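Read off the chains here:
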Amino acid sequence: MILLWIILILMGGGVLAGIAATWNAVYCRIIALASVVLATILILWIWINHDVSLQPGSTWITDIKLQWIPSFGISFHLALDGLSLLMLLLTSVLGIFAVLLSWNEIRYRTGFFHFNLLWVLAGIAGVFVTMDLFLLYFFWEVMLIPMYFLIGIWGHANRQYAAYKFFIFTQASGLLMLLAILGLYFVHGSRTSVYTFDYFDLLATTMSPDIARWLMLGFLAAFLVKLPVVPFHTWLPDAHSEAPTAGSFILAGLMLKTGAYGLIRFAVPLFPAQAVEFAPWAMLIGAVGIIYGAIQAFSQTDMKRLVAYTSVSHMGFVVLGVFAFSEMALQGVVMQMITHAISTGALFVVAGALYERLHTRDILQMGGFWKRAPFMATVSLVFVMASLGLPGLGNFIAEFLILMGSWSASPVLTAIATAGLVAATAYSLRIMQKIFLGKDTHAPALPDLSLREKLVLVPMAIVIIILGLFPQFIIDTARPAVVRTLPEKEAIHALHNQHNTTQSPTGGMLSAKGGNHEQE
Amino acid sequence: MNKSDLLSLVPLWILSSAAILNFFSISIRRNHKVIVIITLVSLVVDFVFLSTYSIRHQQAVEPLLVFDGFGIFNIGLILLTTLIVIMMSYAYFEQREERKEEYYILMILAALGSCILVISKHFASLFLGLEVLSVSLYALIAYLRKRERSDEAGIKYLILAAFSSAFLLFGMALLYAATGTMSFQGLAERLTAAGEISPLVWCGFGMFTVGVGFKLGVVPFHMWTPDVYEGAPAPVTAFIATVSKGGMIALLVRFFSMVQGHQFTLLVTVFTILAVASMFVGNFLALRQNNIKRLLAYSSIAHVGYLLVAFLAGGQLGTQAISFYLVAYFITTLGAFGIMATLSDKERDAELMEDYRGLLWRRPLTAITFSAMLLSLAGIPLTAGFIGKFYVIAAGVRTSHWLLVFALAINSVIGLYYYIRIIAVMFDQRETVRTSEELRPLVYIISSFTMALLGVMLIWLGVHPEGMLMLIRDTL
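Protein sequence lines, in the order shown, are assigned to chains A and B. Converting from the first sequence to the working numbering requires adding 4 to each position, the first position being numbered 1. Converting from the second sequence to the working numbering requires adding 12 to each position, the first position being numbered 1.
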């Protein structure tokens with residue numbers, strides 16, 4: 005029941021905040037803040053009160069199933085395991101930051117802004133806990149429209165174009181997923197004469213490989229566009245650079261993660277054999293994305309576009325890791341989802357803060373800000389270092405695990421991906437170099453971070469350091485979900501043999517060592 | 013025709029007598045309110061009477077009509093839709109000078125025609141219903157004579173509808189010549205008995221398709237739609253978009269299921285082409301419209317295309333999908349045109365994009381309701397339109413009509429673009445000088461009530477469609 009409450013609190017908070025703004029904008033902000041804080045407390049309460057089991061194959065932490073449209077076999081089915089829990093917590097915490105970030109930035113249509121913000125969060129939270137495919141599509145759409153408005157109304161100069169582009173890309177791919185969901189529904193229904201959208205019932209659907217391949221492509225379309233992988237990424241730089249700070253923050257921090265989550269939770273478990281079949285291609289586009297994103301990022305002058313392309317690069321690691329089918333790589337993916345949300349989100353906050361002060365996003369017009377805003381520079385340094393994968397920070401753990409896990413699946417692609425880390429160093433250092441070092445040519449005053457901004461950035465910096473030093477609790481929490489995702493070992497072996505790699509007993513070795521590997 | 017036949021025709025009797033009652037009432041004294049009350053009461057009584065019928069009611073009034081679940085459901089839908097159109101019309105015409113009483117007679121007669129259409133099982137009753145509907149519509153479209161475009165729309169509709177009726181009639185004649193029967197059932201029997209289909213029958217079906225296509229406004233017979241939508245008063249446009257087109261769709265479903273039209277591959281192919289063409293052409297032409305009435309006209313062409321997907325999918329699921337989609341589409345269209353009617357002033361209807369700029373900040377509730385209607389047309393969750401579209405896609409996927417389903421998916425995206433554009437205009441921040449004049453309290457209450465009702469129904473069906481789904485399932 006508590007899951008339902010979390011979503012209802014976010015939705016209800018959005019409506020209340022929207023109404024309250026007609027009297028006073030401050031009430032609206034307070035209500036919005038209160039509802040995300042309340043949601044966070046509820047999630048933390050779940051984490052503390054329920055023993056998140058370390059063992060694979062454990063049951064779900066909470067599970068709620070209400071009838072919704074029984075004549076279609078649609079139920080309101082929400083469930084939570086370690087992975088969902090982590091994502092949900094990420095959603096609500098970043099939600100708090102997003103509300104804080106917009107405190108001064110959003111000055112008109114405050115009510116409508118917060119309504120949209122909270123509904124995006126509700127949609128994202130819904131995606132992370134839904135166990136009904138109809139409901140998945142439902143939430144998938146719910147997070148879309150408010151995001152469109154966030155970009156289209158409060159964005160920068162070219163906002164309409166960016167909003168349309170974002171909308172059309174994600175909507176079109178979402179509809180393909182709807183077709184695939186319906187296809188799966190009818191295939192399962194005709195086999196078993198039980199027509200249902202329930203995830204657990206559909207998991208073991210037997211179908212001809214041909215159909216399964218098409219259906220999986222439908223799911224992949226939605227998730228890979230959202231992630232995004234390289235040929236479908238063009239909406240992302242536009243959407244990110246035109247959105248208001250909170251919008252970019254949510255987009256990078258959470259919305260991209262729904263794509264990664266969808267791969268782990270839905271695309272791979274529903275079609276394991278086809279996913280294994282598709283894996284070489286997926287890993288290839290992952291590796292291409294890593295390199296391409298990094299090169300693009302290096303050549304950008306617009307700070308937000310630059311950070312957006314780093315997202316493309318980092319999400320390449322996610323695709324690589326998911327389709328490597330080793331526990332270690334998947335753990336790395338989960339880690340990457342969290343650390344990327346924090347590091348990239350934080351870089352967008354810095355970009356937003358700079359824009360608020362200088363009214364430009366062009367890094368060529370910046371330089372030498374270290375002296376004038378030392379606090380901002382120091383915090384930025386942490387996130388830039390995280391982004392380039394410096395050991396001791398969370399992103400390093402994530403990328404290291406992914407690369408380790410992917411090696412056995414494809415040494416060549418892993419090597420290419422590793423080269424991406426070098427490129428990451430180049431673009432990350434360029435951010436520091438152009439903005440905070442060099443000659444100070446900019447005349448207007450540049451106040452350092454305000455208390456409110458510190459309140460957002462400092463906790464994020466602390467978290468990214470904690471994740472880098474003590475990643476074990478994340479790994480333990482996500483473990484049951486990760487293990488559940490992995491396809492049968494035989495299938496993976498078949499894949500590996502196909503690639504003429506060394507036939508090391510990867511599966512066995514990894515599960516024996518578990519995730520304890522890097523607890524130094 | 014025996015007594016029980018007569019009794020089952022009571023819903024039609026009530027409508028006819030309401031029209032006559034209105035005649036007398038006008039001849040005694042012209043009073044807008046009285047006429048509206050007579051019309052509303054008769055529609056309500058009619059609906060209440062209809063709801064006493066069991067949904068599994070099955071009675072044929074040989075040889076013309078058949079009362080079954082599907083027919084009763086559609087009559088109910090037509091009656092409620094007309095009821096809402098009348099409520100909209102009262103508010104709309106109350107602000108206008110012209111003689112408004114005859115309008116309601118025509119409206120009742122048009123509804124009567126549509127009711128006959130949805131229960132007919134014979135070419136004669138089909139034509140009767142269609143002509144009663146069309147002839148009333150000629151006058152309704154050109155009702156506001158002082159407007160420059162209303163004559164154009166009326167004449168255009170008159171000529172094209174008469175033209176299409178001629179096609180239809182010729183098609184029926186050819187089918188009669190080939191098979192010697194005019195009842196749908198008889199036609200089916202003769203065709204199966206004959207085995208091979210003669211060219212004469214194909215010609216007949218072809219002509220029939222042209223006639224039906226005109227009424228539905230599918231591509232390439234869609235030319236009249238934007239002009240008529242634009243020229244007609246907003247409530248009449250709502251009526252054409254819902255009752256007139258919906259009646260024709262219901263008739264088509266009955267005709268096809270009775271003559272087992274799905275077995276004729278050529279016919280199915282033709283309708284597939286019509287459906288795909290309607291979706292693409294309708295949506296593409298809507299993309300660059302700045303006149304909302306024309307935009308909704310093109311969007312209605314696309315929506316008929318969506319409906320044809322469910323129609324071609326056929327079977328129980330297809331028919332259920334059509335019924336649900338019609339309900340959702342009726343609510344949505346009524347809401348959209350209803351809001352347009354409430355925003356209109358004496359001179360002209362609020363039909364330009366500019367009339368809506370910044371509406372959210374002038375009349376927030378109206379703008380939010382209108383946005384909900386547009387999102388429903390686009391098929392976004394939490395609205396009835398989403399469940400409708402979902403149902404249609406489900407029907408298509410079920411029967412593996414992948415071409416149609418993909419076309420639908422692509423077109424949903426295209427459609428979304430222009431619906432969102434209107435919403436973006438309404439949310440635009442530029443303040444406008446133009447303020448709508450204050451309506452009289454009663455008029456204001458009635459129109460707000462109607463819109464609120466439609467908005468609630470829209471969300472209710474989107475969130476909790478189970479009741480409606482069960483009802484539709486029972487009708488088949």
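Do not take every clue at face value.
To be verified - When the alpha-carbon atoms are kept at most 20 Å apart in a straight line, the in silico SDA-like pairs for lysine to any residue are as follows: (1) A:Lys169 - A:Asp306; (2) A:Lys169 - B:Ile422; (3) A:Lys69 - B:His476; (4) A:Lys169 - B:Ile426; (5) A:Lys169 - B:Val475; (6) A:Lys69 - B:Glu478; (7) A:Lys169 - B:Arg433; (8) A:Lys169 - B:Phe439; (9) A:Lys169 - B:Phe296; (10) A:Lys69 - B:Val475; (11) A:Lys169 - B:Gly327.
Bear in mind the hints are in silico, worked out from the structure with no lab data behind them. Since the model is a prediction, treat every value here as computed from it, not as a measurement.
Keeping to a limit of 20 Å between CA atoms, is the pair of lysine 169 of chain A and valine 475 of chain B held or broken? violated, 28 Å
So if I understand the rule, the pair passes when the alpha-carbon distance is 20 Å or less; does lysine 169 of chain A with phenylalanine 439 of chain B pass? Distance ~19 Å between lysine 169 of chain A and phenylalanine 439 of chain B Cα, so the pair holds.
Verify the proposed pairing of lysine 69 of chain A with glutamate 478 of chain B, using a straight-line Cα cut of 20 Å. Holds, at about 17 Å.
Given pair status - arginine 433 of chain B, lysine 169 of chain A, alpha carbons within 20 Å: holds, 13 Å
Take a quick look at whether lysine 69 of chain A and histidine 476 of chain B sit within 20 Å of each other, Cα to Cα. holds, 16 Å
Distance restraint between lysine 69 of chain A and valine 475 of chain B, which requires alpha-carbon spacing of 20 Å or less: holds, 16 Å
Are lysine 169 of chain A and phenylalanine 296 of chain B close enough, with their CA atoms no more than 20 Å apart? Status holds; Cα separation ~17 Å.
Below or equal to 20 Å on CA atoms is what counts here, so check lysine 169 of chain A against glycine 327 of chain B. violated, 38 Å
Lysine 169 of chain A paired with aspartate 306 of chain A [C-alpha distance capped at 20 Å]: holds, 19 Å
What's the verdict on lysine 169 of chain A and isoleucine 426 of chain B, does the C-alpha distance respect the 20 Å limit or exceed it? Holds: lysine 169 of chain A and isoleucine 426 of chain B sit about 12 Å apart, inside 20 Å.
For the pair supplied as a hint, lysine 169 of chain A and isoleucine 422 of chain B, is the alpha-carbon distance within the 20 Å limit? holds, 15 Å
Hints 5, 11 from the earlier list are contradicted by this structure; the remaining hints agree with it.
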